[in-house]
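Chemist: Given the coordinates of chain A, work out where chain B should sit on it, guided by the hints.
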Amino acid sequence: MSKYWKEYQKEIAEDNYFYVRSCIRQNFFPGAENLFIDILRNKLGKKVFEDADHTTCTGIGYHSDIVPLETTMTVVARQFALMKEKEYKNLAVSCVTSFGLYSEILDMWKHKPELKEKIAGYLSEATGRSFEVPENMVHASDILYKFRNEIAAIAKHKLVNRHTGEPLKIVDHIGCHYAKTFPERGVGGSEFPQVLTGLINAWGGQTVDYPERRHCCGFGFRNYLVQENRGYSISQSKIKLESMQPFEPDLMVANCPGCAMFLDRWQYTLEESEGTVYGAGGLKIPVVTHEELAGIVLGYDPWQIGLQTHQVPVEVLLDKIGIDYDPELKYADLKGNLIGDPQMINEHAC
Amino acid sequence: MAGKDFGFATKAGRQIDLDQLDTTLADKIALAVNSWRACISCGSCTATCPAGVKFHLQLPTLNRAFQLGTDFCLELPTLNRAFQLGTASCLELATLKSCLLCGKCQLVCPRGIPTRYVSIQIMQKFKSNSHVAKGIPSV
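Those protein sequence lines, which keep their order, are chains A and B.
Here this note's numbering is used: the first residue of the first sequence is 26, the next is one more, and so on.
Here this note's numbering is used: the first residue of the second sequence is 1273, the next is one more, and so on.
Next comes chain A alone, as it looks inside the complex:
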């Protein structure tokens, strides 16, 4: 490997992860994080610890100017303190917002050690805890990337259209806060992000290189918090969708919960408000997260991992790959009891 490409690699710990969940991922895609932990523990044999005392990182509040920076830093320092107490050194972050925030804070502490000392004082005063910064900090998608070939070796399905035998055309969308702010923290940096492309290629799919591939999804925090501003958010997603439409992708995969959520939900909104869909055959394009993509190829039950919580129905994708599922159990609980189909709401709150 040339020395230049070495700069685009990152160190990903082999084992012993202190896993911190994402506020929004566990709300938008409630099965994804349990699935990730299950894959690591039971498919790859890794040690993963998650602490019941872990809280939000306050990232969305911080990026919305609601939570002051020093408060955010103290909360993050507390997460590091929990990790220290459990004697873990490798932090695995579920959320791209959190990952970006942790990266930003670690960078600020690196350049301003006195700020780190000040936050340590706040944490000690408030909780009596002390912390150490992680030796290794990765995003959850980095870990799947590291073990992509091991997953491929035990996969039950390939990302191949069983009707045509062709690889599925998959759009990879990297969250902006994964590598655009601190390129050295992303696999491939911000110029050549490989973290999702690596998964897609290893599992039999084909990535789609379309003009707006690196454009933001439009999440943008303040862009959607106020209803009147959401036009800015949906307009960004529309730019991406219009750009990828000619390539007729079978699927989108995103490592950021916000990106996956908006690329998924805004397709519904655009269909309802403008009558436009961007997938082939007059259908919308399914969107999954990196954990869910791994779950799909590993043969997990689609409804057990929460694929029914996506706005865009995933059945078309499952049929293409050849995954068996029971349509009757789409909206059943874990015991198989039907809990009722989602109902359309007529009033949109806030």
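I should point out that these hints are in silico values taken from the structure, not numbers from a laboratory.
It is possible that some hints are incorrect.
Below, a list of computed lysine to any residue pairs in the SDA-like style, where the Cα atoms sit at most 25 Å apart [said to hold, decoys possible]:
hint: 1; chain 1: B; residue 1: K1276; chain 2: A; residue 2: P338
hint: 2; chain 1: A; residue 1: K141; chain 2: A; residue 2: E110
hint: 3; chain 1: B; residue 1: K1276; chain 2: A; residue 2: G245
Modeler: For chain B alone, coordinates are given in the frame of chain A:
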């Protein structure tokens, strides 16, 4: 189709589609004055332009619009379109006509662009397009 109202709507993008650019006029001018491409739109020429006060002649704005070849600003797209279509009775003719060719802009240009010559070239290219140039002084 009147779709569902969510309380917000998509907004038209402001991105510049490079496939849609019409830089014909800009290319012709740049061919005559190579250094024109070096304009950084600093505004020094506008600041010193005696005609600019009254007639709003702004060479950087003209330059930028020429180079973008789009409806990005008020003046030049109209001019550019007029040049292309051969139809013009536009306000921009008046702004061009107001150039005194005094050369103050050339004195202050930090990139050393012969701005007076640029003005002349714009007028000449415009004039060469038949009746569009009606009213433009001879140079």
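Chemist: Confirm or reject each hint.
Modeler: How the hints compare with the structure:
| no. | hint | result |
| --- | --- | --- |
| 1 | B:K1276 <-> A:P338 | 20 Å, holds |
| 2 | A:K141 <-> A:E110 | 19 Å, holds |
| 3 | B:K1276 <-> A:G245 | 24 Å, holds |
Of the numbered hints stated above, none is contradicted by the structure.
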